[in-house]
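Peer 1: Going down the list, the sequences are from chains A and B.
Under numbering that gives the first Met the number 0, the first sequence is numbered contiguously, ending at residue 498.
Under numbering that gives the first Met the number 0, the second sequence is numbered contiguously, ending at residue 498.
If you're looking for bench data, these hints aren't it; they were derived computationally from the structure.
Hints are supplied without guarantee of correctness; some may be wrong.
It does not matter which identical chain is used: a pair holds within one copy or between any two.
Claimed, not checked - Here are the computed lysine to aspartate or glutamate pairs in the DMTMM-like style, where the Cα-Cα straight-line distance is at most 20 Å:
| # | residue 1 | residue 2 |
| --- | --- | --- |
| 1 | 341 | 117 |
| 2 | 38 | 339 |
| 3 | 158 | 274 |
| 4 | 433 | 393 |
| 5 | 21 | 156 |
| 6 | 38 | 383 |
| 7 | 85 | 135 |
| 8 | 109 | 396 |
Protein chains: 2
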Amino acid sequence: MFEAAEIGRTLAKEEFKKLEPKIHHQVLQLQQRLRKSDKSLVIIISGVEGAGKGEVVDRLNRWLDIRDVQTHAYWEETDEESQRPKFWRFWRDIPMRGTVAVMFGSWYTKPLIDAAFDRLNEAEFDQALTRNRELERTLTDGGAIILKLWFHLPKDEQKNRLESEAKVSKFKKSPLLEEFSKKYDTFVKVSEHALQFTDTGDTPWHIIEATDPRYRDAAVGRALVKCLERSLGSEPDQVDPAPAEPSSIELVQLNDAELTILDAVDLSLTLTEKEYTQRLLSLQAELHDLSWQLHKAKRNAVLLFEGWDAGGKGSAIRRLTQAIDARLYRVIPVAAPTDEEKGRHYLWRFWRHVPRAGYITIYDRSWYGRVLVERVEGFARREEWLRSYQEINEFEDQLVDHGVVLCKFWLHISEDEQLRRFKEREIEPRKQHKITDEDWRNREKWDDYKLAVNDMVAHTSLDQTPWTLVSGNDKLNARIQILETVCGALRNALGLPPL
Amino acid sequence: MFEAAEIGRTLAKEEFKKLEPKIHHQVLQLQQRLRKSDKSLVIIISGVEGAGKGEVVDRLNRWLDIRDVQTHAYWEETDEESQRPKFWRFWRDIPMRGTVAVMFGSWYTKPLIDAAFDRLNEAEFDQALTRNRELERTLTDGGAIILKLWFHLPKDEQKNRLESEAKVSKFKKSPLLEEFSKKYDTFVKVSEHALQFTDTGDTPWHIIEATDPRYRDAAVGRALVKCLERSLGSEPDQVDPAPAEPSSIELVQLNDAELTILDAVDLSLTLTEKEYTQRLLSLQAELHDLSWQLHKAKRNAVLLFEGWDAGGKGSAIRRLTQAIDARLYRVIPVAAPTDEEKGRHYLWRFWRHVPRAGYITIYDRSWYGRVLVERVEGFARREEWLRSYQEINEFEDQLVDHGVVLCKFWLHISEDEQLRRFKEREIEPRKQHKITDEDWRNREKWDDYKLAVNDMVAHTSLDQTPWTLVSGNDKLNARIQILETVCGALRNALGLPPL
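Isolated chain A, as found in the complex (with noise of 0.2 Å):
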């Protein structure tokens, strides 16, 4: 989820003066709609220590009309508060109608820091979030927009700012700081799990890369400025028409151009054909063997390949089933619904094909359908696909709670690779069944997909079900990845050392 928060996104010092004021502009515009609204607005600010959070509520209360404002920090509890239910100090907050609370921590600060110090086991911490859940359910259903953000830095940066007092003003630096950074780990896997489990259609997270604080702001900006547009209804005069529709758990996209998490995927990795052959031959015969273990051991596994058209998903397949008793493993090529399949929730088709323990099911895209083609293409509507990673994730939840073993791999290729692969075809009589006027449209949207892929790892990427990013532009390369990743998925379930 997170790693597509680290991918370096910054704004230049110029550009940022040219859009500040514009944001300005904006949120004060569309605060006087809100205060003519029956609505309210709950601004959420979580994220990792040393990330700025301080900073962007002084940001927030330059950019809006402080009049309707509040600002709640929460803070050890007081007396009145411990002694009254959990909820309490955050109902006494809730905002008028018309008005604004921006929360510095919220009902998530708690729960989270007691799961990352190991005060609530797994069950109690979904019980803690379900709550949370269910709160901003009640608080929705009542008319507050709650907009939810969550300010990410990697590692090594948080260690940065520990170490160099000069990166963060002095007098900003979070007290908290030292103690969160000795946990960083764990307290990144207890925030996946819980922006996971409360990234719902109405209250979604919005995830922003805080390494650079200019971008950071500006993202603040946009998520602000579209999640009311999106709540009052949008009105003409816009500053900047917006850009393909952006998700929930989201990179904050700041225009079209920007970095991506398929940006930050090194496509210059190469196989001499030598080294490739010497460890197709070594991988495959431990696959082999792995896959014989795996039947034995009763464990079932679950591969899927999404990537863009002629990423070389089916020869990296090839490379796989070659290498398993055919017993073992099916292939699911995923193409056009059945009947039967049209006539039922669109996970019943992936469901049915869930393996029983002791063999393989290898899916030839699938469920992602959902998020990329219907998405870019416009057959699932808006609040479809949006929900459907809160499904697909509970769907990957089971499979993995069950024992299964899931590789998740998006085979990537450049523009221009993939131009080069199209034109091969073209010519190549024995494979000119395999490039057809539908790729050739499909291509025209790559910015789109682009994004689609970038929000697909943004919500569906997590500690348990992660994504395997493929440097494809060398099909050699992407397929001893590819191998590499589920032998070793393989030996990890198995409970092998890695090799």
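Once you've looked at the hints, dock chain B against the given chain A.
Peer 2: This is chain B only, laid out in the frame that chain A set:
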């Protein structure tokens, strides 16, 4: 919750004979419309053992055109099933659009049994129920209609059925009856929690009193017809015009004159002046002492009063406050909301008065206005008051989890007694201010209020947060019943033995 399904509803043989063909006809018509729609129907059959669930399944298969109906019984998991994630068996049985699945047992069966037999702790149970809620949301978002039926039997009746072979058809006797009969109380307790937790606006539970098979089956028919009508949109040619919209966790009403939970209150109870005075003084002394002990123990209490106009709330509250030190309690009379209150969520005005440790808040009328006056007068829309049951349960859960002692009273009187009191108020100069035109108007809606109270108790009278229905025709009796209940709850909270 289940007390509303233990009041002895029956249906005479000749009435059933008249009704049954009508239901059959309506069901077939609605099924025809379902067939042409893009929806599917899932009927979940659950409830206590011995309630005749198998007979209900037979009945449904007689009413429905079985060409489009599949019945699934979820018994022991097969190998095929246990080797896959636990929802796999349900997903494989999801009906196609236009068709029906009758599920005998469901995703509730295993969590309920595991919780009853202590194989799940409280948080794990909630986790399992959260997953059920998510599954149901996923399915309904995808176009499924889910009708959840719960069949209830009182403890004695279940025991009777166990003991007397004659009462149940020989071949249909549940093999689990004996085992579950021993765990009746535990099973009812975990069931209550499960039903409350998963009773959402989209997928409500229908609790059906199952002692009389004719009433039971007619209630199933009515629930099915109502559910399909609501989901498919109703058509003009209804056999039987619907009475006031019944709500979700409901005792399915067959007609307006049906018994409600209030009919189970014995209004004939009286006390002599002498008995009253004696017990009043001793209970007030007790309450005085207990309220100080509560203060010292840093516990808090919430007492709330609802009831018919002229039901005697005010005078009963005075008998309490006479006994408690004025520093320790506050009475919050709930009338029209202030501007501050109107501008926020309807629960805010009640949250703000939650007492701190050591103190008592008495609410004279309460958050239940939402499901009483606001429902009956149409101030809240159906979906608003319907979802507020869950909002209220969550609110009260938090009170109780925090250790707040909560007592909820409905002051019940008969329609005749109300008339007598109204007339008395009109004559008596000191009481004339207490009677208004509004009271007379409310009185005309007596039956609507009865239904609303019934639903309120069915939804919100839970193990930890029970309602006390006060027998109030005799004011003296009412006051003593209330004092006894409050003293009992305080003693219990303080760890003292019952008086």
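Peer 1: Evaluate each hint against the coordinates.
Peer 2: We went through each hint and held it up to the structure:
no., hint, result
1, 341 - 117, "neither (45 Å within a copy, 41 Å between copies)"
2, 38 - 339, "between (44 Å within a copy, 14 Å between copies)"
3, 158 - 274, "neither (38 Å within a copy, 75 Å between copies)"
4, 433 - 393, "neither (34 Å within a copy, 56 Å between copies)"
5, 21 - 156, "neither (30 Å within a copy, 72 Å between copies)"
6, 38 - 383, "between (24 Å within a copy, 16 Å between copies)"
7, 85 - 135, "within (15 Å within a copy, 29 Å between copies)"
8, 109 - 396, "between (24 Å within a copy, 19 Å between copies)"
Against the hints set out earlier in the document, violations occur for numbers 1, 3, 4 and 5.
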